[in-house]
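J.: Here's the letter readout for the chains.
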Amino acid sequence: MEKSKTKGIWRIAALLFLSCFLALTSFAQQKDLSGTVLGEDGTPIPGVTVVVKGTTTGTITDMDGKFSFSGPTGAKILSVSYIGMRTQEIEIGNQTNFKLTMVADVIGVDEVVVVGYGSQQKKSVTGAVSTVSQEDIKAIPSANAASRLQGRVAGVTVVNDNSPGGDATVRVRGFGTINNNSPLYIVDGVPTEGGLSRMNPNDIESMTVLKDASSSAIYGARAANGVIIITTNRGKKGSAKLTFDARYGVQRTTNSLDLLNTQQYGELVWQEYQNDKYLKYPTTAPWNKQYIYDANGKVTIPDYILPTARFEGDPLVNPALYDARDDDGSPFNLITKANKQGTDWYDEIFDPAPIQEYNASISGGNDNSNYAFSLGYLNQEGVVIHSGFDRYTMRSNSDAKLNNWLSLGQTLSVAFTERKGGVGDNNDEGNVVSQAYRMQPIVPVYDIAGNFAGTKGESMGNGANPVANATRNKDNWGKDLRVLGNAYVQLNFTKDLTFKSLFGVDMNNGRWKTFTIRDIEFFEAKSTNRLDEGHGYSLQWNWANTLNYKTILDGVHTFDAIIGSESIDNVYEEFTAGRANYFFDDIDYRYLNVGTASLANSGYATSWRSFSYFGRLNYNYMGKYLFEGVIRRDASSRFSSDNRWGTFPAVSVGWRISEESFMANSKNWLDDMKLRLGWGQNGNDRVDNYNYWTTLTTGLSQSYYPISGGDNSLESGFYTNKMGNQKAKWETTTTLNLGLDMTMLDNKFELNVDVYDRKTSDMLYAVQLPHVYGNASRPSVNIGEMENKGIDIMVTYHGEITRDFTYTVKANASHYKNKVIKLNDNEKEVLWGETERGNIYTISKAGEPISSFYGYEVLGFFNTWEEANAYPKFGDYNAPGRFKYKDQLTEDTNSDGVPDKADGVINSDDRVIIGSPHPDLTYGLNIDLQYKSFDATMFFQGSYGNELINYVSRWTDYFQFNGNRSPERLYESWTPERYASGAKITLPIAETHDTNSQLPNSSFVESGSYFRMKNLQIGYTLPKDLIAKMKVSNLRLYVQASNLFTITPYSGLDPEIRSTNDQHNGLDQGIYPTSQTIMFGLNLSL
Amino acid sequence: MKKIVIFSLVVLTGFIFSCKDEWLDLKPKASGSMNVFYSESGVNGLLTGAYSMLDGHYWNDWSFNMWGGSVTNWVWGSLASDDAYKGSTSSDQQTLNDIEQFTVTPTNEYCDSKWRFMYEGVSRCNEILKVTSAVTEDQLDADKKAWYEAQTKVLRAHFYFELTRVFGKVPYIDENTVAPETVKNDKLLFAEIEADLLAAIPNLKNREPEISRITVWAAKAYLAKVYLFQKKYTAAKPLLDDIITNGGYSLMPNYQDNYMIATQNNSESILEVQYAVNDGTDGSVNGGWGDALNFPSAGPSTCCGFFQATRNFANAFKVVEATGLPDFTNWNVAGQEVGGVEYTGTVDPRLDHSIGRPGIPFLDWGIQPTTNAWVRDPGNGGPFLFKKSLYKAAEKASKATQSGWATGVNANNFRFIRLAHVYLWRAECAAEENDMANALKYVNLIRNRAKTSTVVTFADGTPAAKYKVEPYTTFASADAAKTAIRLEERLEFGMEGHRFFDLVRWGIVAETINNYLTTEAPRQSYLSGKKFTSGKNEVWPIPQNQIDLSKVNGVSSLTQNPGY
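Chains as they are written, first to last, in my numbering: chain F, 1 to 1086; chain V, 1 to 564.
So here's chain F without its partners, still in its complex pose (with noise of 0.2 Å):
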């Protein structure tokens, strides 16, 4: 199966490749054509095609840009062509000799991508390379720049943490590793791992995916997981040009969870008591206390849930009695009244909130200099209340040419950063979101004196008032002030010869300060308020120089080369302190020194150093063959001496047809057409930063001990907390890639399809040690095994309806497909996910893709006792309207290594892969339209296939704690009258002891897939004429709105669910949901 479908796609490769071969056709007939090719300045250009057009007759210029051959007498057109160059198409007539001036092309296919150290003439690459431009990057108003690159480009998944100012996880062509699979990032020249949400996307000229071995394999070591490649905004040539951008607008939550009301939910206690007498538990009364209920069920709720199920009247409700008080001695009694109607948590935690950015910029140049600065500033409140991310940045890049041989140049941003409040981490049972439907219904905002309201009452679970949560965090923050800037000096020894120097800095120095007010209302109150700050400091340098010659020989042989060296040195060292015990809880008394108990502090330190060699070889035999070499050789700090050196090599072959003679014919209708195979390796060193030290360290939770009996000291002591690996070397991630790009219909239509093979091999893998050498950390060997085959398409129309009306149709896909081959020698290994409320819903194993769902398969309910008896025991789990889960093959009776029996009960051992959190297919589709002076931008974006594990509905749908439920376990649960009348039934029994109902199984799988229209502009260009007279060249405005809707059978809150953590990818917890943003803004220029 699988490899029916890999196959499929090569065919599908192949099929393409063929088609572009039908038009070909050759003839003869003589006439002689000479003539001189010129560059815009007047000086000649050798290599240049001038083929006579629809034949595949023709030659290239000369050294001296001449050209002369014998055409066919009825020729009537000449086609000149060059890399970079604008193709040129010159009636012949009664001519016989030319004399031809080339343009610079600077659209299409002729453009210049950004490549490692350096740019090439996209003709002429031959790696699986995409850029994203300035226009689509600014237009998603998300405050991180990998997110906007979300639906972008074919092979890079994006999934979003949707909270103020969030990070983005990005993954180039699947998961390479069981490691870190974050993409390389490279900001003119500095590299580094992520942090984007601390840069402003405003300032970005284009974003560069290099997507294989063969592109990226010149960052070899750091490479594997893709590369992206980050240049931002230099001066151009011409007079100072002032722009500033503005937009704002306001944000939405367009989804919530349907939950009961309180009505209903003394409806369902009453089902569940039911139904445990139903299941013969020896119950007496219904589990919630609050509820007061008569003989035939029926449900009278209280006036007070604090004291427990009081009405008006009752004396203990009296006001007086109310005591919030901690220092009288007294206890608490916090006289909290039933919400009737039920209190809607997510109304509660979720406003509109405004988004706002501005963006200022002066740049400009001649021929000597160029200069470009910006402002920035984003401000995104947060839909759920009290949260918010603000972002300051400025932005210097500059360059200046002194003489013919020397050019100097920098850049420099500077970003200040700030989370503010506290929602609790994205996709965790703990957060803001998450305690929305932890709350029952009864629990009102607010107790009768104001304050929080909560779940000390009586049955209320241990829900937290998440109103009470954010109110209390909102003055908590997180400030980054991040650096990163480099400057270079680049030296030309000849006109072909040019050294460059760069050396960059990428600082971030970040604080937070986290101050937790006592929550009394809560069932697990906090016994003191607290504070916590933290000071975090990391600085990288990298000093990268590197020597460049370029050449042409005999007017046909381009060469160009790059050999250089590379090292990064990268530090980070924090330090955490926290006291106790505020008096009191001011903001402006949150300070360290006024906390009186528990103080504590703690610090850490880390850093790494690589050292690199690399060099590249670009050659192209009359633009028509290209050829790429690159070998990287790179030195980690975190592996010994012995095994320190990784050696990374690429090869990369170009065809391009379109050049070919014979194919002249295709001329009328096809612009460019390139075949591309690449082959190359990257590594990937990303273990713990010392994994070959056996290493003995301290700790106060890990090895201290009060040996002098001390209640609040300690002694120290020491242990071994990480064993080494001496032998542990890099990953290597091995690529094969088959890539055609065609450019057709006068530019008119671009397609890029790329199909890939890509394989991790010595993927390293923390060692698997029983516990009798005790636990210290095991160190990563080289032993693992992972594959991911792929392919990527992209596609781009231009059109013209009416000269006035043009548009233009982006769209891709991809679709990858990961496997784990190996962990280690155990090819039984399993890579559990983590740990969620003692259940484990992810695996990653040899043959599966990693973080594969696992679990038991539901076949059904059981419908009466007599079924429920008969079927394989499951402890004492089996009953009428329980799951029927499948008894898997897990016994081998004939030893032929597959188990061919199951064993007649139910346990452990039956649960299997369930689903998969990868898609099938990522796509985005981007329409801009153009009519006169008004422009529209529709980007739409969406994954297929991928599934989901439901892990909230396992407290809205089951007796995991007592929170808030779905109508579902209401009225579409299992029960005999629901059975017998053939009513809809989707759960199983609404009981209170569905321990091993709720176990991690199929029916929490779901499909993930959606269709979202991320964007959607209007903008309006005031016309010139009018401005003018302003003084300004461009004056734009736009509405605009993103999030607009998504479709998806996906019945949690929002589909787009990022996790942490590779090995536990696709289990939704509670999240931040997408919001609906509706803007205005204004794009100015003078």
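Hints are computed from structural coordinates only; laboratory data are not their basis. Bear in mind the structure is a predicted one, so any value in this text is a computation, not a measurement. Glycine included, each C-beta is placed from N, C-alpha and C at the ideal position. Be aware that one or more of the hints could be misleading.
Okay, the calculated bits of chain V under chain F, using three or more residues with CB under 8 Å as the criterion [what the hints assert, rightly or not]:
1) 84-96
2) 121-134
3) 203-213
4) 217-231
5) 371-383
6) 519-533
Position chain V against the provided structure of chain F, taking the given hints into account.
T.: Then chain V, alone, in the frame of chain F:
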């Protein structure tokens, strides 16, 4: 000019291109290698690290749970016995349900937790012995070395004894083992445990200025405990007599002193596990975190409502009013159970020092609400709370944690072996050799102390219940003596993690537990249909992942226990 540039450039490039390999030799921050520890302070540092495993756990980033390892053995000694219910809600910590109900499978995370923490302890001890075997006389004096090694060996004996009691046969790894994954679990390790203790005793001291260091008496008491587990009563007796005569220990005046922070490390305490809180550790992990769940979910603490006393355990405190002796006949009769303050029968006063009952004062926290408001889920865990590990309201600010979610964690030490153990063990030895006088003497020392101890009272000073406890006057037979001694151990050390292991060594575990499961099922529905299988449930399964990880050429070095 140009030439100068070119020249300097070549030099520069040459420099860059010849980067020294040392530049890439980075050492880990804030840690050291083994050779740093060849000194007295080094050995002492490692030994403190081993002592820190005495509480049965350390903070491990949740890579496995911390509750299974706890030195209090609340999981293995109490929950698995007739003393305790899991408590909390039925879906919370589901794998514990299997321990309480004897439906454990080898993948149970609690088994893995105990295994990993105990072997971490063993491993820390082995590291010390590796260092002391290599250390020179210049680096560490011989007598000091012997003393450090002796403490290490007692600790190692402790970890192996714990492993043996919970898992039966386990692999023996010491400082000389080369390939631990190849060692089989083919024997019980009593010989190795005894050898470590016997080797340690001559080099240990009578008393230690650093209060929690292991003394010669702690080692002797431990050895006696190990002997008793093997029914080697004659070997245990002289050790116990030695401690009683020469140890210099005495019973505290009040039973409750053994459970109060103010009276820690007292004259009765022989081996005490030290707890500290607000010591700079986030969440106060050194405060007996293995029991972090086991505090009331409201009232004195807010988390997490686990570990509640069984009705069976409460009933065991019933006393015949006339004699002040335990009610051996009607103690556990249905319909006459000990309840909250409404219960009017006579009870041993140790009841209300051991467990919290509705309507009875809870230390200085006020009266435990009769509404069960301090109980997380009374339907699942009954009305009773555990009291012995708590702290007083007045001690809250300094002796209970001020950080983390486990708000009940506090500085109240766990008295692992105290003189009362030694007395009752000595009574067991006496009963075994039909020495009724001594059996009576030692049991009554305990009962008389209970009699003269202060009792729980209401604010006005009136006793919270009808309390009575009197010494036995005589034992009718050796069997009667054994029954009385065994009950006394249950009452004196209830819910302190000894009960299950005591039942095992007395050889009455199957009948006692099965009887308990039958009589308790009507009170606690989830126990119905559960049973203890003799020959299987005396020990717990070897963790499946440890069996899997110990595969050498496809065959595991570890053998699973029978029945699992």
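J.: Going through the earlier hints one by one, which of them does the structure break, listed in rising order?
T.: 4
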